[in-house]
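In case you want the letters, here they are:
Number of protein chains: 2
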Amino acid sequence: MTSSSPFKYGLVPSDKPSWNSGGTANVLKEELSRATFDIEKMTNFLDGGKEKTKKRRWIVSQTDGDDFSQRSEADRVEQIKKHLESFIGIHKEFAEKGYVPKDRNEVSWMSINSVHKGSLMNHYGLFLPTLLGQASPEQLFLWAPKTLTFQMIGCYAQTELGHGSNVRGLQTEARFVRENDGSGYFLLNTPTLSSMKWWPGTLGKVATHACVYAQLLIDEKSYGLHVFLVQIRDANGRTLPGIECGDLGTKMGDHANDTGYMRMKDVRVPREHMLAKGAIVTPEGKYYKTKAKKENPVMHYATMMGARAGMMSAAGGILASGATIAARYSCVRVQGFQDTSTGDYKSAELKVIDYQVQRYRILKQVALSYAMLMTGNWLTEKVQTLAQGLDSKEVIDSLPEIHSSAAGLKALATALTLEGLEDLRKCCGGNGYLLNSGIAQMAQDYAWQVTAEGDYVILLLQTARFLMKSLESARKGEPLAGLVKVLEPLRDPGFKVSSLAPAKARSAEDFKNPEFLEKLFRYRTVAAIVACGDELNNRIKRGMTFDTAWNASALNLLTTAKSHCFYFMLMQMNEQVAAGSKEDPSLGVVLRQLAALYACSQILDGQQWLGTIDAGESVLLQQAVSELLDELRPNAIALVNAFDIPDRVLNSTVGRKDGNVYEALYQAAKDSNLNKSEVLEGFAEYVKPHLDLELLENENKAPLVEINFDVAECELVEGTQASKL
Amino acid sequence: MTSSSPFKYGLVPSDKPSWNSGGTANVLKEELSRATFDIEKMTNFLDGGKEKTKKRRWIVSQTDGDDFSQRSEADRVEQIKKHLESFIGIHKEFAEKGYVPKDRNEVSWMSINSVHKGSLMNHYGLFLPTLLGQASPEQLFLWAPKTLTFQMIGCYAQTELGHGSNVRGLQTEARFVRENDGSGYFLLNTPTLSSMKWWPGTLGKVATHACVYAQLLIDEKSYGLHVFLVQIRDANGRTLPGIECGDLGTKMGDHANDTGYMRMKDVRVPREHMLAKGAIVTPEGKYYKTKAKKENPVMHYATMMGARAGMMSAAGGILASGATIAARYSCVRVQGFQDTSTGDYKSAELKVIDYQVQRYRILKQVALSYAMLMTGNWLTEKVQTLAQGLDSKEVIDSLPEIHSSAAGLKALATALTLEGLEDLRKCCGGNGYLLNSGIAQMAQDYAWQVTAEGDYVILLLQTARFLMKSLESARKGEPLAGLVKVLEPLRDPGFKVSSLAPAKARSAEDFKNPEFLEKLFRYRTVAAIVACGDELNNRIKRGMTFDTAWNASALNLLTTAKSHCFYFMLMQMNEQVAAGSKEDPSLGVVLRQLAALYACSQILDGQQWLGTIDAGESVLLQQAVSELLDELRPNAIALVNAFDIPDRVLNSTVGRKDGNVYEALYQAAKDSNLNKSEVLEGFAEYVKPHLDLELLENENKAPLVEINFDVAECELVEGTQASKL
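Protein sequences appear in the order of chains A and B. Counted the way my numbering counts, the first sequence spans residues 1 to 725. Counted the way my numbering counts, the second sequence spans residues 1 to 725.
If you are wondering where the hints come from, they were derived from the structure by calculation, not from laboratory data. Heads up, the beta-carbon is just placed ideally off N, CA and C, and yes, glycines get one too. A hint or two may mislead.
Listed below are several chain B residues computed to face chain A (Cβ distance under 10 Å; list not exhaustive) [claimed, not checked]:
(1) Gln70
(2) Glu509
(3) Ile603
All chains, full assembly: derive it from the sequences and hints.
Next up, the structure:
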């Protein structure tokens, strides 16, 4: 397309020096000059030490090539290709260097830097672990190395169209068939509409193999769910006979993941390809449970906790990315004259972060990011302690409790992260709605994590179940460990929960004191647990079954589990703050402020505080929040820079580290798809036929109207002297 | 592409009758059979009468052709074309039939049925009203008819890259230049990066004209903001000299809107093309204010209120659409065995709506939708009363208050709608993340409304400003009108706010009583207003300026404005419930339950209740909610069907009226873009080179491993008899 304009597309000259006046490059530098702590030290603290920071940066630097800045403009095929290329590229390179990630944090460092997340995360993150967990040594020996090196690409085919969380209800069938030669095989079928495999990532267009969960049937007898390793595509990407696979369609985000469906019709699978760690079917059709290795329960917990600690840290990292973007933009963006009396349209304006509501919304999420990262660190450390065999009896005793809290924490963390991202996106105003803001894309890509792999409500109710059990134990006088130790006094039927309430707050200082707040959170959780237990028991006494009573109390149980998790996080945060203070008192000061703000914002916006804080205290609470916001303000940018998230990962026009937000927005707009041609495709067909061609020939040249007015009825007005920009 | 599979793509045969077992077509019919009220009557009630329902259905039926079911798979150019075609098609047709919409509701009926929203909504919704409001009669006479019939297409070019809400700070300049022949013209420029026009819909690729807001400068004197009608494109869609326009890039949603930017370099505009209703520049460069017609203040309020009532109803309508989808899916979707003791994977399961937490989340949003629709109706009626000149002094006196509450209401309604949509989306589990669920797309398309055209925080703070003014008036003993009348007793310095508190709730029944709840909400709002006023005054007494004190109290002021709006909605809802009860007592019963649930959920999840309700009452509150949920349950589907939103508008696989959710999901998947070819484009380049070709030749035929196991160490297990599906 050629343009009739003297300025070719995108070429209105920026000749005047004033074009960049109002440039914002220095704003963030000035912000940083007000920081009261050493950013590098804070980064080390969050990473868990200087050495870890160094290692993280090394890992990150290996993946520098993986830039895909205009991702939001790419279509899905483009995104998938880019993902396949970069993911395989990165991981093969690491493998060649002999590098093996040490823990979940290192895994997430690798993947966070793969800007372009997509289907192969399932190959490594779900398919491989399934082999590791369920395959026999012989099977593992064959398939694991090929998986690691992408010689086969696998997906985890568990969920079905009609079944998600109720795994036991899956309907895919694997029917054993005996052969005359005594070999035997399975016939896999998805016999009903609702039994078709639904949602596995990588299944749609990429995977060559699948770990298929199916009900094992031998002679029409049911043996429960088992996993079958099934080849689903040939080397050219075509589906094998009897298999129909496809993508599910466009999702909110996660576009590089070919989330798929699969129907199977009499797909024959060798008997030896049922994963055989736990059970084996003989050629004659006999079913044997293998001698299940009595697993070390501690190690079992440790693995689960490791995963959950990782997900907690990952959620914290995502929220930290969002907070980084929104905090930077809120310092660059101005709105509203500082002095409204001049009437001069060029006079100075306020940064939006200096409006209290905005400041609260930003810093609340910053504090929450720190809380999640620190809780994740604490859990990671616990897991490492266990792994090194340095476990004390006390630690082992507290494991069930921590393990159960971690289920809820993981659920809560994903939900809080998504909610936080959305509010931070709104904090970026209209521009937050552009995908190139980074924050909108981030939220859309992340959203599935809240509802997938165990909806957050279901997981939190698991935590509630443990809390109710502990309450029962406490009342029976059984010993308790960890956080639920606070329930022990309940063995005395005369014990009053209200005796756990801290003394009423007498000044705003109390609400700025994390130790006071911890007591308050503890009181809330205990009171809620007891109230829930009473509600449940009353319902059962009135004749309900446990299940019915549980469901009738579920709303309250859910909130109670959340309260417990918030308490848990505050406790871990306080512990870490103490550690940080020892390392460097200037870190300690700001970390205490963050802990207090985290807690206070949960009181202001949270649930189950009725009856815990009275109206007078709530005034003090508001005062404390207002003071905390002002105290944290000078560190706003330093706190997010300490997260140390590179621009390449943020992939954000409005959240750039250098503050050149407006230049970036303009550039991204110019580079976007619709602007590839000056004239809209379809303009001639859909718009032009309606236009008044004569009118449009005028091109602003001749006046098209004459305006009649009577000077006598009007008022002559003199302008004011215009100032220079 | 050809397939090596005996089943061509998408053709695994669905031969068995069991394929559709677990079909869900009857589920919603059964649900409806339990309804306790007449759905058609409820629809009439929501529409404001039988006649209105009839008219709405007529309008909707005119636009039946506008179906675009796989919208989520279309790229932006496709979506824009489709939008242009359908929007112009619908509106030209209406115009030819001589139909003119009577009120905002009718406008929104027209647009809600234009499934494919996009840029031309700006042409009609912003460009045209600007002409109507700011053009002189001569200008209007020329441009309005051409606008109505798409002979020119306009955009509203107000916001700039650096300026949104602070309109007075806009930096685009219109400099008056005298001509020798005495004609004179303006030169328009965007002199700085931050002054480029940013965000106008239709500007990016479609509009031929723009209403450009610019600072008028004559002889370097400033005359403030004025609007200039500028042609920006020729009839072929090319930008005119000096103008650079483009799209901003892909957004979260709203893909058919070419939200754009514009730079201007010495764009010459005839003197007569400055919109001249309020001011005129003579050829000599003299500036006259026209004899501003003293507008009828009541009519001014009425117009604003009409718009806001419309936005409130629109927000209610969007949330109602989301609630419809989620309620239907929650009845169709099952999860978890009803009887967990059998161990049979085919045994019956619970509908997810029968889990309390899910039931609460769904019905809370249903109740909120009713609250918004009813408040919108109430406002619409008020506006009509005024327009008909039937206004009483009382109504006029209460206008400022209603007007100010409406600002906050509009803000709150958009925010609540977006928040509600997101939770409803989560209620649809993984499938809610698919764009073809309708609900994900809806939320993404709607999201901008919360932050655009006056961020919701800013609008709510306007409401707070009015509340503080009213408090001052009350304390001075000045008369108050409308809702803030409750502040009048404060003229007595000895008056205790606590005297407004209703008697403590003594049973759950109290919390199911909308009148009791209204008192509680009133008490909360008054207490919050007084507390805010005190906080503000104390800060000023301690030496802060009003602006600084205001900002330091902003968080509390914001929450107070919300509390006030929630009270306002409850009051309107109660009024409407009374009206509905008179019409039909069976409607009244369920509407009262909805009002109570609306109020109770705002207590459970809301703010500023500390000190208003004690711990004992909060137990009763929970009990009331639990009972309300059970009482409303049989009407769940009837309540959403009463919204009467056609499938075509919902555009949802999971929210179909007939309940055939799984068939629709499968069909949509098959039709999606990535499945147009069996093999992924790029498979050969990005995947195949890594694959183990030998391994993949096996195609599940030969066993690839041999499994060694020692029978002696294993346990022989017998299966259970499998039941038939």
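Q | Hint numbers not upheld by this structure, sorted from lowest to highest | A | Checked against the structure, the only hint that fails is number 2, while the rest are satisfied.
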